[in-house]
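> Residues per chain are reported as follows:
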Amino acid sequence: MTRMKAGPLLYGFLVAVLAASIFPLYYSFIVASKDNSVLGEKLPPLIPGGNLVENVTRVFDTVDFWLAMQNSFIVASTVAISNVVLGTLAGFAFARLRFKGRDSLFLVVLGTAMVPTQLGVIPLYMLMSDLDWYGTLQAVIVPVLIGSFAVFWMRQACEETVPYELIEAARVDGCSVLRTFWHVGFPAVRPQAAVLGMFTFMTAWNDFFWPLIVLDPNDSPTVQVALSSLASGYYTDYSLMLAGASLAVLPVIAIFVLLSRQIVGGIMQGAVKG
Amino acid sequence: MGLSRWDAKYTPYLIITPFFVVFAIFGLYPLLYTAWVSLHDWQLIDGDQGFVGLENYSRLFGDPNFWNALFNTLSLFVLSTVPQLLAALGLAALLDRGLRGSAFWRAGVLLPNVISVAAVALVFAQFYGRDFGIVNYLLGLVGIDPVDWRAETWASHLAVSSMVMWRWTGYNALLYLAAMQSVPKDMYESATLDGASRWRMFWSITVPSIRPTILFTVVTSTIGGLQLFAEPALFDPGFAANNSTGGSDRQFQTLVLYMYEKGFRLFDAGYAATVAWMLFIVVLLVAVINFSLTRRIASKG
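Line by line, the protein sequences give chains S and F. Position one of the first sequence corresponds to residue 19 (the working numbering), numbered consecutively onward. Position one of the second sequence corresponds to residue 286 (the working numbering), numbered consecutively onward.
No lab work stands behind these hints, which were simulated from the structure alone. Please note: incorrect hints may appear among the correct ones.
With a straight-line Cα cutoff of 20 angstroms, these simulated DMTMM-like cross-link-like pairs (lysine to aspartate or glutamate) come out [stated by the list, open to error]:
hint : chain 1 : residue 1 : chain 2 : residue 2
1    : S       : K118      : S       : D191
2    : F       : K294      : S       : D53
3    : S       : K118      : F       : E474
4    : S       : K118      : S       : E186
5    : F       : K294      : S       : D191
6    : F       : K294      : S       : E183
7    : F       : K294      : S       : D255
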């Protein structure tokens, strides 16, 4: 069944799947460009209208969307950089350095992936209050500075691309562990590190539950929390809501469109092999 | 001991430490502490009001809202996970055929996964509007009466599940595809010589060969599917006014949504922690059941 020729029927089906993937996005851009009253029309809107600028302006008038975008950007880029740096270091150690208890410690890393962090939000919230971090961005950033996925991912990358011999040679030449990492390890895994960076950026940008709990929605929320407050009010202002949703989606769509080849390649590599 | 000996011996530990520190403080400690909080009358703002033993648990077992949320969680989990993983498997098998522009199709199916859950929930909430939603419009074209997607239990569960499916099917399909591509081709060739049908090859060669990936996706989507929050929360128009109960009669209130209501709206942290801990047990149970079930199914072939 593999490598069997694909017929027009299959391409037709895939086009339909693709259309279903894109449609909700397209639809939110359409509604974002319309006057709210068109939503009362019998036929659902499928063609853009002329109210995009007005609706976007209303988004910025309703909530401080610039601040929210800025906050999300700070959160997502900090988390991405930190996961790349700390994850690559740890992955390098687990893949290429010899130390006692290495394998069992790595098993612990894998095991932590099974711990549902969402369920600990109540003590986590209390911890943040005790630290006086409620409403601050570090409350969102610090708990995810490094995750098991980053360690797992970069360990695999190092196993596949960093030869032991090079490490040994650098050590014989008197390089410290960190210098060896920087000059031999890191350059070899730069592509995988880039994929990890994009993933973590998008995940952090899209996070909703924890920022909703620990940030003040009226003060300095992330963009996802700001979105949820656009959905307020007695009557639902869909043009406003979806204009906000479209704006919040733009940065990740831009990253995805530019780098989709690497991202898809990354997922394909990271899959558990059969 | 020279500096370089020290370096070789201790630097590895030094560079793996951040992970364990972050996990201990922000992952493990809160989870364990949740169990402790659940044994107290504990108010989110006023703090610990005293040890009450298992009182929160006995209250929980007599709480119809808890059982309702548990039912909704399991129902939404089954409705979203089972069709999603089957669809992903089928989609992966199609993408595994020699396609022109394979990178393009792969990116296309992954696209929904990069959209934030909040944005998805808002768009789908609009799709499922009772009076002017596009879903009811399409149903009307084939002569089906408008459905009140928020009011009825099954209708709301279908609506919420469709958001989850839309977001995750392509992602899982790509994981399956990656595994399928490493299945040795000669297995298919010899099966073809034996006259096996395509369908039969799929179930007897492809599916058993990618078993680890199937197990992986079953476990991860179990954990994710039982912790649904944003989709049902934002499907309720009362959410931003801070009174979302997952439908007017809690018909799509999940356990996490119930935990949120108890802990962060009513400030009953002790009770919310009890809900969280029960959910943890449910997640473990379902993950174990799914794991062994999938193992059996996938090994039969």
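> Would you mind marking each hint as holding or not holding in the structure?
Evaluated hints:
1. K118/S <-> D191/S: violated (24 angstroms)
2. K294/F <-> D53/S: violated (67 angstroms)
3. K118/S <-> E474/F: With a Cα-Cα distance of about 46 angstroms, the restraint between K118/S and E474/F is violated, given a limit of 20 angstroms.
4. K118/S <-> E186/S: holds (18 angstroms)
5. K294/F <-> D191/S: holds (17 angstroms)
6. K294/F <-> E183/S: Distance ~19 angstroms between K294/F and E183/S Cα, so the pair holds.
7. K294/F <-> D255/S: Outside the cut-off at roughly 61 angstroms; violated.
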